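**Student:** Model the placement of chain B on the given structure of chain A, informed by the hints.
There are 2 protein chains.
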Amino acid sequence: MHALVYTGIQELVYREEKNPKIINGESIVKVSASGICGSDMHAYHGNDNRRIPPLILGHEISGTIDKGKFAGKKVILNPLITCGKCDYCTIGKEHLCGKRIILGMNKPIERQGGFAEYVSIPDHNIYELPKTLDIKEAPIAEPTAVALHAVELGEKEIFKDFKNIKALIIGGGAIGLLSGLILSKVKKCKEVTIVDPNEKRLGECSKYLDAKAVMPDSKSIINDHFDIVFDTVGLEITRQQAIKAIKPGGIIIHIGLTQPSGSFDFRKATLQEITFIGTYCYTNKDFEKTLKILSDKKLGELNWIEYRELKDGSSAFKQIHNGSCAAPKIILLI
Amino acid sequence: MHALVYTGIQELVYREEKNPKIINGESIVKVSASGICGSDMHAYHGNDNRRIPPLILGHEISGTIDKGKFAGKKVILNPLITCGKCDYCTIGKEHLCGKRIILGMNKPIERQGGFAEYVSIPDHNIYELPKTLDIKEAPIAEPTAVALHAVELGEKEIFKDFKNIKALIIGGGAIGLLSGLILSKVKKCKEVTIVDPNEKRLGECSKYLDAKAVMPDSKSIINDHFDIVFDTVGLEITRQQAIKAIKPGGIIIHIGLTQPSGSFDFRKATLQEITFIGTYCYTNKDFEKTLKILSDKKLGELNWIEYRELKDGSSAFKQIHNGSCAAPKIILLI
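Those sequence lines, one after another, are chains A and B.
Numbering-wise (our numbering), the first sequence opens with residue 1 and increments by one.
Numbering-wise (our numbering), the second sequence opens with residue 1 and increments by one.
Bound-form chain A, shown alone:
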């Protein structure tokens, strides 16, 4: 099969690879569309010790079952593979399973990803494509589930009416925009601010999201002002912006992970009783809720997604890397 293979830092090669083999309880999916995630970018920059070259990246995947019990069905994949038996899995917190693996990773266990013609996946990670959802757009379900999970972790913590909160989203990438769309269109939050240093990105976000879209030095980012801050970037500097902007008793939801450590103002976190929540992926239930949100067209038009051919994947990664692409999401079509 053809595949886009991550072969070294900032190096992707479109080449022939062996087809995946079917095993019991799994299916082979002929991939239609596969989105580029921020975590694929971290791997591309050599910053992810779970993704070591050579490896086929990609875990936001739609397609058609080629081999397996649902052969012929159009599907969306939940790429988070969990044991189904541990304490976390049995209480519906599958995303915390100690044995979890995700498509497009090879440490500690190899699972080739979706930037290829075919991919293998356990049957219980397969969801039927909702009729109202275009198979090209469908990979957006995965980052939407990440954003929904993050928003609902915040919603659970907030001690006031969620509609009336002041929310700040740091980062205008897919997770930032999707978090904003969920806050605004699903949760009906009235005061959303989104911040990004890339003006092109802010312009794109503004077209689709009813929010103040501002640069990081904007006067709109008032200290001690926001009930909730979503850090979808995860740099030391964005965490510092989050802790400055948050109100006493407020919630910081930490979704991005660009810089894994760094200094933080624990004084304010303590004296102002800030709750800082790390968030990772989504539960199976979140994934199902996401498909319903998308099939009901709750997030509006998804015209902010751009598409490229798989064979042009290397240049798509380069465009994201150098900031020349304004789109919050690029999906590769196979």
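Keep in mind the hints are simulated off the structure, nothing from the lab.
Be aware that a few hints might be false.
One copy or two, it doesn't matter: identical chains are merged, so the pair holds either way.
As the list claims (entries may be wrong) - Restricting the straight-line Cα-Cα distance to at most 25 angstroms, the calculated cross-link-like pairs of lysine-lysine (DSS-like) are:
1) Lys69 - Lys85
2) Lys244 - Lys93
3) Lys244 - Lys268
4) Lys190 - Lys298
5) Lys268 - Lys107
6) Lys156 - Lys93
7) Lys99 - Lys160
8) Lys160 - Lys289
9) Lys311 - Lys74
10) Lys244 - Lys107
11) Lys160 - Lys85
12) Lys166 - Lys85
13) Lys156 - Lys268
14) Lys93 - Lys268
15) Lys166 - Lys99
16) Lys166 - Lys93
17) Lys268 - Lys285
18) Lys268 - Lys85
Keep in mind that this is a model prediction, so the values were computed, not measured.
**Tutor:** Below, chain B without anything else, positioned relative to chain A:
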């Protein structure tokens, strides 16, 4: 009046000071007992920009009303003075009030503390001493309220039966021991571990608390093992121990504030969905619940408290500073 005055870094002088004056809505309390808190120690070390010498420290106070509407009554003081009108105060989160001040602080507003013969206090911060509680021991109510608030913030977050959690407490001072006693005796938690580098302290804690009491390098502090970690110290190194020891999906409750900033493992916090909660003081309701717990003798004997005369306060601070005092709490008697 006689008072113990903080006059400079590691310098306390027992000397004559002016008596406080009564104002409308307030009372003057003749102090009986006044506890030394970790935050008084931070001030003593010059590490608290809210407590600038010269200042009478002390905010854990019992006594008798000398002047005011309840003259003659034996009382315990809630030292956290709040506006009573803001959004936080009106929803019962008085501890987050933007105008809050605490006895024994002078920045931004001066309120002399309880290491003196007399102290002034608003009437609504005064609680009648429960009959079963000794006026000497009564200042313990304040740190007990801090511990109760912290434990209950954790209890609210935990997604399993609180009795069956594995809890780690970092620090065997008053807040550590009180958090342990509340977990064990009030919340009926079965698996509590307390860690402190001071063997004398561990010995004291072991006498009163049904917990594993261990040194920081103990093999009992297993990585990814504890459902909840209480960091009552707040050093960079204790926060690092907390994030190592916590289980996926677990809760870190950050009560101590020795080092206000420092590096932290945001990678684990994110990928393992850790909730980090800063906690400060207590609500009025927490303070009332605490008086009930203490008057019902729920925490057992309080023989781990040591007593000194106010005039010997300077040497008590020195003993705490150089680690020669094993007692988790010293109360000064006036």
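**Student:** Decide, hint by hint, whether the structure agrees.
**Tutor:** Results of checking the hints against the structure:
no.	hint	result
1	Lys69 - Lys85	within (23 angstroms within a copy, 64 angstroms between copies)
2	Lys244 - Lys93	between (31 angstroms within a copy, 21 angstroms between copies)
3	Lys244 - Lys268	both (8 angstroms within a copy, 22 angstroms between copies)
4	Lys190 - Lys298	within (16 angstroms within a copy, 47 angstroms between copies)
5	Lys268 - Lys107	between (37 angstroms within a copy, 16 angstroms between copies)
6	Lys156 - Lys93	both (15 angstroms within a copy, 17 angstroms between copies)
7	Lys99 - Lys160	between (36 angstroms within a copy, 21 angstroms between copies)
8	Lys160 - Lys289	both (23 angstroms within a copy, 24 angstroms between copies)
9	Lys311 - Lys74	within (23 angstroms within a copy, 82 angstroms between copies)
10	Lys244 - Lys107	between (36 angstroms within a copy, 21 angstroms between copies)
11	Lys160 - Lys85	between (36 angstroms within a copy, 17 angstroms between copies)
12	Lys166 - Lys85	between (39 angstroms within a copy, 21 angstroms between copies)
13	Lys156 - Lys268	both (22 angstroms within a copy, 22 angstroms between copies)
14	Lys93 - Lys268	between (30 angstroms within a copy, 17 angstroms between copies)
15	Lys166 - Lys99	between (37 angstroms within a copy, 21 angstroms between copies)
16	Lys166 - Lys93	between (28 angstroms within a copy, 19 angstroms between copies)
17	Lys268 - Lys285	between (35 angstroms within a copy, 23 angstroms between copies)
18	Lys268 - Lys85	between (40 angstroms within a copy, 23 angstroms between copies)
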